[in-house]
Each structure stands twice: as C-alpha cells, then as structure tokens.
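With the hints as constraints, model all of the structure from the sequences given.
Those protein sequence lines, which keep their order, are chains A and B.
At position 276 of the first sequence the residue is numbered 276 (the working numbering), and the sequence of numbers has no breaks.
At position 292 of the second sequence the residue is numbered 292 (the working numbering), and the sequence of numbers has no breaks.
There may be inaccurate statements among the hints.
As the list claims (entries may be wrong) - Here chain B is said to cover these stretches of chain A; the calculated rule only asks that three of the stretch's residues, wherever they fall, bring their Cβ under 8 angstroms from a Cβ of chain B:
| id | stretch |
| --- | --- |
| 1 | 113 to 122 |
| 2 | 220 to 231 |
| 3 | 246 to 257 |
| 4 | 352 to 362 |
| 5 | 379 to 387 |
| 6 | 414 to 426 |
| 7 | 448 to 454 |
Hint data in this document are derived by calculation from the structure and do not stem from the laboratory.
A virtual CB, placed ideally from N, CA and C, is assigned to each residue, including glycine.
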Amino acid sequence: MIAQPVPSLGGSHDEGLARALAAIVGERRVLERAGELRAYESDGLPGYQRRPSLAVFPGTRDETIAVVRLLAERGVRYVPRGAGTGLSGGALADDVVLLGLHRLTRIISIDADNARAVVEPGVVNSALSRATAPYGLQYAPDPSSQTACTIGGNVAENAGGPHCLKYGVTLNHVLAVTAILPSGEIVELGNAVGEAGGYDLLGAFIGSEGCFGIALDVTVRLVRTPQAIHTLLADFSSVNAAAEAVSAIIASGIVPAALEMMDAPTIQAVEASIYAAGYPTDAAAILLIEIDGAAAGLSEDAARVTRFCTEAGARAVRAATDPADRARLWQGRKKAFGAMGRLAPHLVIQDAVVPRTRLPQVLAEIASIGRKHGVQVCNVFHAGDGNLHPNLPYDASDPEQSEHVHHAMKEIMEACIAAGGTITGEHGIGLDKLPYMERLFSDETLGAMCALRTVFDPDQRSNPGKVVPVHSCREWHAAPSARQRPA
Amino acid sequence: MTIDVLADSAAAVAERVRDARSTRTSLRVAGARRWLGAGRPCLATNELSLTALRGVTEYERGDFTITVRAATPLAEIDAVTGREGQWLALQPFGSADGTIGATIATASWGPLASAYGTPRDQLLGCEVVTGVGEIVHAGGRVVKNVAGFDLSRLMTGAWGTLGVITEVTVRLRARPEVDRTLAIVAEGGVDAFCSAAWQWLRGSPYVPLAAELCSATLATRLGLEGRTLLLVRLGGNEAFVRAAEESIATLGTALNVDADVWTRLRTLEPAASAVVRLGSLPSELGPLWSAASSVVERAGGWTHATLERGVVRCVVPAGDGEKEHTQIRGIIEQLHAPGSRVVEQLPAPLWDSVAAPAGDRLSSAVRRTFDPDGVLNPGILAPLS
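Here it is in structure tokens:
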C-alpha cells in the first residue's frame with residue numbers, strides 16, 4: 001500500500017502535477033486552460049457551474065491506475081466523471097482535478113452462454129445492449145440518457161430507468177467490479193463466477209457516487225430480449241385519473257416493464273420539440289405502459305391493463321402498431337428533459353420517490369405548491385415505482401424567479417418526505433440534494449455513512465464534499481480503536 | 001452464557017450494546033434461535049434475545065412493501081401477506097419459524113432466488129443498532145432509493161457483526177394467478193441434461209419462478225421417483241403457464257407435482273448437517289454437479305442446484321462423534337468449485353479448516369468501523385484475531 005501523504009487541497013492550478021499527468025496520458029489528454037475546461041463546468045443538471053483545476057483523461061486501464069496512484073502520492077483531490085449526464089451535480093469538480101473515464105470504452109468480453117459481459121467503465125449504456133443484441137440479450141437498466149451515459153457512471157449512481165420497474169436497477173445487474181480505491185489499491189468486489197462471500201462491499205460500492213473509488217471493469221448480468229412487447233398509450237383528462245390507473249395496475253400484481261406518466265406541460269413541451277411523439281396535446285396526463293415477456297398470456301395482461309385505464313377514466317388507450325411507432329412513443333418520453341430546454345434556460349429536476357398508493361395525493365400537493373409560488377411544474381416520471389420527476393423550468397439570471405423555484409423545490413421535497421418517501425430514486429444526491437440529507441436521515445445515520453466512506457477513502461479525496469454534508473462527518477463515535485487508520 | 005432481559009425496542013437494544021461495550025463483554029444476537037448452529041462458533045459472553053421485537057409495523061399493500069420488526073417469523077409474514085394475495089418471495093432453506101432478521105443477516109435464500117434474487121435484491125431498508133450502540137436507519141420504505149451510501153446492502157449477509165438488525169422493510173410480490181410445479185426426469189447423462197436445462201432457462205421466453213435440480217437421494221426424500229430430476233415452478237396467467245409447460249416438455253417427460261414439494265425441500269434437512277454451497281458459471285454446472293454429487297452421495301447426503309445462479313448446495317447429515325467429524329472433514333476437503341465455496345453450516349470443531357469469508361483488509365476495516373470492540377457475534381464470520 002502507498003504511504004499516506006499529507007492531504008493537500010489539491011486545488012488551484014499546479015504546473016508540476018499537469019506535467020506529471022501528461023507523462024502518463026499524453027499532453028493532449030490533460031486540459032489546463034480555462035477555455036478548454038469550460039466544457040466540464042456542468043453536468044446534465046443545468047444551474048450549477050464549477051470549474052475543475054485541471055482535467056485528465058486516461059485511455060487505458062493502466063493509465064487510469066497510474067493517474068489514481070499519482071494523485072494518491074501527491075494527496076490530490078479529484079472527481080471521477082463518465083459522460084457527465086448525471087442530474088445531481090455529482091460530477092462537478094470545484095477547483096479540484098477532474099478525472100474523465102469516457103475513453104475506456106472497451107467491451108472486454110461477452111459470455112452469451114452465461115448471459116454476462118465484462119466492460120470498461122466508459123462503455124456507453126446503449127452500446128452494450130447493441131453489442132449483445134445478436135445473442136438475444138440486453139443490459140436491462142436503461143436511464144433516459146442511455147445513448148450517452150456510461151456503465152461506470154451507472155454503477156456510481158446505481159442508475160435506474162423506465163424499465164427497472166420490472167427488471168431492477170443497476171445494483172441488481174452487476175455481479176462484480178474491479179475497483180481502484182483512492183489510495184491506489186486495487187480490490188475485487190463481488191464475484192463474477194458463483195457467489196460472493198463475506199460483506200456485500202459490492203452493494204456498498206454501487207451508488208457510492210464516485211466517493212469510494214473508480215471501477216476499472218464491471219461484470220454485468222444480461223437478460224434475454226423479450227419475445228413480445230405491448231406498448232400502450234393511455235390518455236386522461238385529469239392527472240388524478242391517471243394516478244388512479246397506476247395504483248390499480250400495480251395493485252393487480254401485473255408488473256409492467258415500464259409505467260411512465262407525463263402531464264400536460266410536459267406533453268406540450270415534447271410535442272412542440274423535434275422529439276414530437278404524437279401525444280394528445282389536449283390530455284391532462286398520459287401513461288406510457290409497456291408489458292413484455294413471453295408472447296403467451298401477454299395479450300391477456302394487456303387487455304387487463306387497458307381495462308384498468310378505462311375504468312379509471314382514460315379517454316382512449318392505443319397500442320403501438322409496430323417497432324417504429326413504439327420507438328417514437330418512447331423517444332418523446334426519453335427526450336422529455338431535453339424538450340423542456342425550450343421552456344426556460346434552467347431546470348430544477350427532482351427525483352423523489354413516494355409510496356405508489358400516495359401518488360394522487362402527492363401530485364395534487366405538488367400542483368398546489370407550484371400554484372402558490374407561481375412556478376411551472378412539468379411532471380414526467382416513473383409512475384410504476386412512485387419515482388417522481390417534477391421539473392421546474394426557470395431562468396437562473398432572474399433572482400426573483402430563482403427564489404420562487406427554490407422555495408417550491410424545498411416544499412415539494414418536504415411533501416414527499418412527509419408522504420413516507422425519499423429524496424432521490426435514481427439521480428443521486430451529488431451536490432444538488434445535499435441540503436436535504438439532514439431532513440431524511442438522523443445524525444447517527446449520516447455519521448455511519450461517513451464512517452463507511454472513510455473505510456474506502458480515509459482522506460475523503462474522491463469526489464470531496466458530495467453525498468453527505470461535510471459537517472455530518474464528525475468523529476462518528478468516541479472509541480479510540482475506531483479512529484485508527486486501517487493497517 | 002447469560003441471557004439478558006428481552007430488549008423490546010431499538011433503544012433497548014442500543015442500551016444493551018453500550019452496556020456490553022463498557023463492560024468489555026460481548027453479545028450473541030438471537031432471534032428464533034433457528035440458525036444458531038450456522039456460521040462459525042460464536043464466542044460471545046452474553047445472549048441478546050430479540051424475540052420481543054416481533055410483529056408488523058406497517059403494511060403498505062398497494063405499494064407491495066412491508067415493514068416488520070426483526071424477530072417476526074417468516075411464517076407470520078407469509079400469513080399476513082398471503083391474505084392480500086402477496087408474498088415475500090424469499091422462502092430460504094430452513095424452517096418458516098426462522099425470523100426475517102436472521103434471513104437478512106445471513107443473506108439466506110432458496111429456490112425462488114432464480115426469479116426474484118436474494119435478500120439484497122428484496123431489502124428496501126432496515127433499522128440497525130451498530131456495535132457502538134447507535135441507531136441507524138439505512139435505506140427507506142419505498143421501492144426505489146439511492147439517497148446516501150447503501151448501508152442496507154452492507155448489513156445484508158453481515159451476520160449481525162456490523163449491527164443488530166431491529167426492523168426491516170422488504171419488497172413484496174403478487175402471488176401468481178396460476179402456480180404449478182413440474183418434475184422432469186434427467187434422462188441420459190446428468191451432464192448433458194444440466195446443459196440442456198440451462199440452455200432452456202437462458203434462451204426460452206418463459207422465466208420460471210424456480211428451477212432446481214435435485215439428486216436421486218433427495219428426490220426420494222421428497223417423495224418423488226428416485227432419479228435425478230429438475231423441479232420447475234411456473235407462475236403467471238393460465239395461458240403463460242400452459243405455453244411454458246409445453247416448452248419445457250422438450251427437456252423430457254414432465255410430471256405435475258404438488259406445490260408442497262417446495263416446503264419439503266426447504267425443511268427436510270436435519271438440524272445437524274454440514275451444508276456447503278459451490279458456485280460456477282451456470283453453463284459449467286454439469287461437471288461441478290457430478291463431482292460434488294458423487295462425493296456427497298457416498299456419505300449419505302444429497303445435492304440440489306439452483307441453475308440460474310450456478311450454485312450446487314451439498315447437504316450431509318452430520319453425526320456428533322469424532323469418527324463422523326473426520327468423515328465430514330474429508331468430504332469438505334473434496335468439495336471444490338471453480339467460482340465459489342460458501343460453507344453454511346458445520347459441526348463446530350470443523351470450522352478451523354475453513355477460510356473466513358470476510359478476512360480481507362477492507363472487510364476488516366468495515367468491521368472495526370462499525371463494531372470497534374468486537375461486541376457483536378464475535379467469531380461468527382471470521383475467527384477472532
């Protein structure tokens with residue numbers, strides 16, 4: 001193990017560091033100038049800008065290891081970054097080194113016989129499914145950013161997506177990870193073959209938002225491509241009716257592959273954009289419902305789902321006629337956040353989860369909070385698992401508007417917590433939701449999270465200041481033995 | 001060992017843990033005492049009984065989640081959720097009198113893991129008391145949650161060495177409309193059958209709830225024909241199950257079997273058994289199965305395999321004499337696997353020959369962080385250093 005250095009702030013431009021990094025990755029792969037670094041000041045969430053002190057982009061596993069070890073030797077803080085599509089400000093580097101992993105794009109192996117694959121962290125989510133499609137297999141988690149986001153980023157965020165309602169999130173699809181810890185130590189987490197024994201450190205690593213280390217390779221489980229798919233579009237004249245339909249479908253025990261809701265402002269934004277999907281623009285809400293699996297028995301389930309929608313008051317339920325029609329219906333949903341760019345330059349993106357039985361009540365509360373503060377709310381979300389995305393378009397250069405949006409966001413969070421929910425279902429805490437952690441968790445729980453982080457990263461150099469508020473990371477408990485650094 | 005007064009709340013558990021810490025004693029965490037024979041010998045001075053922590057805290061039927069106190073027996077959860085047409089799709093090997101807390105703590109699973117995964121896939125959140133006596137709330141009560149670092153996964157399978165689980169929230173599923181079980185006899189070589197069965201599982205559109213290969217000895221004990229056979233549990237609507245039955249008949253003659261067979265499979269092993277799980281890639285399970293079966297059957301034991309997970313579970317009834325122990329030790333030494341070997345249960349004196357699963361640097365650091373003084377279940381995962 002590498003000796004612990006005196007931690008430096010690692011910030012501000014450091015000429016010697018840049019040269020040492022360039023010696024590993026080549027000069028073109030180290031960015032130092034303000035103009036070059038601008039592209040890395042934001043991630044997928046508009047509204048935050050943080051400038052890295054420099055950016056480094058290793059192209060191979062060995063280069064990545066060498067970079068992490070160099071940063072460890074010098075005690076430099078850094079932020080790992082995949083494609084930068086995250087929606088919580090988690091990949092922003094505030095005057096620290098940004099370590100980009102998007103060049104590590106190798107699919108190391110596909111084992112079709114055992115339905116698994118080993119990939120480097122920079123492999124793009126949808127590229128993996130494309131590569132495994134000829135074997136009748138796909139990688140199930142499908143975040144809306146799947147054409148750009150990376151598997152490494154998905155692991156860091158424990159990413160979900162519309163189809164995780166049936167198939168599960170990243171955690172349920174990763175068998176093993178080879179990780180490099182901030183100290184430079186390389187560890188195997190989980191087991192790519194057979195069962196993993198001992199503590200579930202893989203489970204702890206997934207969703208650790210880049211604070212525990214960097215995945216050098218990821219072994220994932222693949223699922224068979226469904227034999228049949230029914231995609232339904234149900235159209236409602238009230239949000240409440242759509243929410244009632246969701247509750248009825250879930251309560252029936254049918255598990256759709258996806259069950260998505262969009263409200264009128266979202267539908268209108270999508271239909272006015274290049275992603276127009278043919279949604280009814282006079283609807284108060286639509287549900288996009290997909291059921292998949294074996295062909296046998298699937299039309300019976302589709303008929304039941306249609307009936308639940310009609311009984312809840314749907315004006316119409318139509319089925320996608322062919323794969324192109326299905327792709328169009330989905331494009332509108334997956335590009336909805338992008339379409340909102342038409343409404344205002346900035347967007348607050350929420351990600352709370354509530355029990356599915358509370359959807360009608362919580363959606364009504366959110367609408368009333370929006371009215372109270374005079375802010376627009378666009379709902380587009382994973383209704384099937386209660387994962388809300390009330391989005392608030394606004395102009396950050398208008399202080400008054402920003403103020404209103406800020407208050408509305410806070411009240412929406414409070415309403416979701418009060419309904420028994422959580423503050424993020426798939427986007428992560430990052431920077432954006434940091435202030436709400438103390439609303440959700442006790443000091444003891446936050447302390448335990450910090451303690452776990454310290455096991456992986458004693459100096460908290462990796463993605464510093466994210467996920468858990470720094471002041472929660474007090475000495476967790478008084479035991480002298482607990483303060484000893486692991487030998 | 002002394003048994004303390006029953007702790008009836010997380011706060012009471014926390015007090016016990018802090019007491020133990022300050023008096024330099026240690027605690028054996030016990031629920032229904034069903035799994036005390038499993039794991040390495042625990043060298044605690046006192047027992048912390050959780051039996052008073054029992055019952056349903058909150059059941060959100062429409063959300064398919066339930067929050068229960070740790071010592072609630074699985075049978076009670078089955079009864080409560082069954083009335084609503086739901087179930088906790090875990091059904092681990094062992095008695096249904098076992099508790100949910102122990103199931104999560106030991107990450108125990110059964111044949112349903114084929115479709116639904118293991119406890120780590122079903123746990124939404126838990127309340128635990130750490131080894132320093134702090135009450136921590138990991139995760140939450142909703143079905144999707146990435147807020148903060150994942151302490152729930154860390155507690156799953158930690159055998160109570162990082163914290164005493166006092167309450168859990170788990171995901172429920174709808175009981176299938178139609179639930180039928182078939183037995184398919186492995187005609188010809190078991191190797192070839194194994195491979196054909198895996199190909200069917202991997203490639204067919206019909207995902208079964210369970211697909212468990214059973215050795216001839218086990219089949220007899222289950223009251224079935226004494227030949228190697230595949231038990232397949234199909235769940236869904238009538239049209240799905242019928243089509244799946246037709247499809248699976250390509251593997252061999254399929255006979256309908258009463259669903260009770262799954263309960264018998266869970267509960268038939270004697271309390272004193274040596275139990276070892278061997279793992280490989282599912283496509284390579286055949287050779288592992290043959291090698292393990294021949295070793296185990298010679299000793300009067302049996303094997304069964306969860307094909308989807310690539311795991312062969314070997315069960316050998318274990319007597320208490322020195323001669324029997326010597327025999328078991330010999331068997332354990334012969335049970336190898338390309339992927340993994342997890343020892344579930346052994347006669348106490350034999351554990352010294354088995355490598356500890358959590359002996360790596362990172363795991364030791366986690367343990368020291370959450371239980372710096374070794375108060376909780378000392379020795380159960382790794383020998384005391």
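Right, here's what the structure says about each hint:
1. Under the rule that three or more residues need a Cβ within less than 8 angstroms of chain B, the assignment of the stretch 113 to 122 of chain A holds, with 3 such residues.
2. With 4 residues bearing a CB less than 8 angstroms from a CB of chain B, the stretch 220 to 231 of chain A meets the requirement of three and the coverage assertion stands.
3. Coverage of the stretch 246 to 257 of chain A by chain B holds [criterion: at least 3 residues with CB-CB distance below 8 angstroms; count 7].
4. For a cut-off of 8 angstroms, the count of residues in the stretch 352 to 362 of chain A with a CB near a CB of chain B stands at 5, and the three-residue condition holds.
5. Coverage of a stretch by a chain is defined here by at least three residues with a beta carbon nearer than 8 angstroms to that chain's beta carbons; for the stretch 379 to 387 of chain A and chain B the count is 4, and the condition holds.
6. Counting residues of the stretch 414 to 426 of chain A whose beta carbon lies closer than 8 angstroms to any beta carbon of chain B gives 7, which meets the minimum of three for the stated coverage.
7. Counting residues of the stretch 448 to 454 of chain A whose CB lies closer than 8 angstroms to any CB of chain B gives 6, so the stated coverage by that chain holds, three being the minimum.
Consistency with the previously given hints is maintained throughout, with no hint failing.
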